[in-house]
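If you read the protein sequences in the order shown, they are chains L and H. If you read the first sequence in the UniProt record's numbering, its first letter stands for residue 1, the second for the next number, and so on. If you read the second sequence in the UniProt record's numbering, its first letter stands for residue 1, the second for the next number, and so on.
It is possible that part of the hints are untrue.
With beta-carbon atoms standing in for the labels, derived distance ranges [said to hold, decoys possible]: (1) L/Ser70 x H/Arg292: 30 to 36 Å; (2) L/Leu85 x H/Ile51: 53 to 59 Å; (3) L/Leu85 x H/Ile474: 39 to 45 Å; (4) H/Val25 x L/Ile161: 47 to 53 Å; (5) H/Gln295 x L/Arg34: 28 to 34 Å; (6) H/Leu487 x L/Ile91: 43 to 49 Å; (7) H/Gly242 x L/Trp122: 44 to 50 Å; (8) H/Ala380 x L/Ile6: 50 to 56 Å; (9) L/Glu25 x H/Gly130: 50 to 56 Å.
Computed footprint of chain L on chain H; a stretch qualifies when at least three of its residues, placed anywhere within it, have a C-beta under 8 Å from a C-beta of chain L [unchecked claim]: (10) 200-210; (11) 371-385; (12) 417-423.
Hints listed in this document are in silico derivations from the structure and should not be mistaken for laboratory results. Predicted model, so just to flag it, every value in this text is computed and none were measured. Virtual Cβ for every residue (Gly too), placed ideally from N, Cα, C.
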Amino acid sequence: MRNGEIGAAGVLALFSLYLMWKSTELPIGFVEGRGPGGGAWPFWLSAIMLLCCGMIALNWWRRTSPPSQSDEPFLDGHGWRMVALVGGSLIGFIALIDVVSMYGAIAVFLVVYLRFLGRHSWALTLVLALAMPIGFFFFFEGAMRITMPSGMSFTDPVFDILYDIIY
Amino acid sequence: MEILGLLFDGVLIALQPLNLVLILVGVTLGLFIGAMPGLGSVNGVAILLPITFLVPPTGAIIFLAAIYYGAMYGGAISSITLGIPGASTAVATTFDGRPLAMQGRASLALVTAAVASFVGGTVANIIFTGFAPLLAGVALSFGPPEIFALMLLAFATFVGLGTDDIPKTIFSICFGLVLGAIGFDQISGAPRLVLFDINGFLQGIGFLVLAIGVYGIGEMLWTIEQTRGEVENTTPKMTAKGMVADTAEATRKGWKGMGIGSLLGFFVGILPAAGATPAALMAYGVAKMTSRRPQNFGRGEVDGIAAPEAANNSASTGSMLPMLTLGIPGSPTTAILLGGMVIWGLTPGPRLFIEETEFVWGLIGSFYVSNVAALLINLAFIPVFIWMLRMPFTILAPVIFVLSVIGGYAATRDMFDIWMILVFGLGAFVLRRLDYPLAPAVLAIVLGPIAEPTLRQSLLLSQGDPTIFFTRPIAGPITVVAIILILLPALKLLRPRKPGRDGAA
């Protein structure tokens, strides 16, 4: 955890510096007749962020913050595995939206999560993986008139049937 | 007495069969729209505006106001049961609502939210009825320095009263404010902070993208990692007797928060450009500041639910005031209502109270009826919301992930935002592990777009002289209190520590 604390402070300090540099694309001082320039607000806030990172590093060195006193690893093997599995399935879910549509991606994600991560029965998995996307379709497209991504053209026949029902 | 007579006539109009049905349907729809992450009152009102042309203007505004009311009640539901704010107005409800639900007291949290919403709505209605034109004038005396001072106070309460690491809290606030500055400079219109030259950043980062990332993804990953996937599910029981006991407990423990939220919420609500979200966050901060148990906030304190919930309802009524009396909307939802009024052939402004008496008092009467209807409908649905918490965590977690993604898309209709939700979620998980408080960042991204222009306008007014925040009669005291709160941690460091009481700062 101690290494994680100083590592995160370092990365955030670099990000703060990047934000300060990026802010200077607009004026950061007082522009006569127009008030503070467009870059002033993010520039000075990023400068405060950098200062805070310095204070976090100081606290790390003095061992005054709880993470800087901890000898535990940031994540143990089990933790990494769990985060990788859940995080990975989320990345897959979002990546699939443009391929098999929002509703198709929801169904695939639910099958993966419920059956393989949650170890639920196939019956419960399939009921939820079908009922939820269909329920969402009628709520968003039918009631709220919000169109979700429909994926690649091979999903069109399914959407044609569903749109016939609501329109 | 004349006002009471007009109010009585207004309530009778609201109780006419057609209007009563519109109120009941509107409140129920609003409750579910508000509870859905990604959709808030503004979506409900905007989507349903066209169908109001089928009924007379009085019925139309009553219907839309009922949706507004229902959504304000509904926002708390997903904050408490799922840990994701249903709308920006319910962010502060998550801070204590979710911990209380995780302690197996979800029914107390939901009842507190419902009762506080009712109290907030009722207090606001009474103030609205009695002092509408007078208060509209006071709200107009709030210029940019006063509004910026209020924003500063909201941030200061987090720094001065937080139990978290101070540098990390300040970092979190500044990070949220910088995120709020991404996109275009509001004053010059120039592109600003287009990070890594990715065009997606041009449209800015919405509050919901950060909130859903932090609470819907980051918090869930943290829970899964901490509990090793073996989450002990709370099994809250729901009985009529239990609900009565919860109502009594909510009133006993949350009366102070309800009082603060109701009064502060109304006043912040009537300020142009403020609205229910800053009102709820400020009420939370002030409730914590004045509490005898500030250390309990964030761990399931009843006052921490009561204050923001009373405030967001109170503010939603308050924001109708400048809309009706001056024609200035106090929130995005009232801006749409204002548009509706113009389409119905009405002219908002001082003469509306004289020329359209039936419309105005019918609307005010409907506030009272909607408030009672929303309370009863909300309480009736609490067992349904509690049922969600009984789901095994391996079902609840993917449902929350799906709601986060589909809700995030529904709000902005942009895949870039969905990827940003994931980035914020993973980042929030890492920072949460390292004890960075993330609520201040969510607060800051909401208030940033109000704070920056008011700061710049104030400094333009004073030719760059920052003493403008100290010399004006309303802004001065607020700024001084905010600065004292920011300096409080430094004063605590100077005070000699008693041996044996050296806790984690």
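Enumerate the violated hints, using their earlier numbering and listing them in ascending order.
-> 2, 3, 4, 5, 7, 10 and 11
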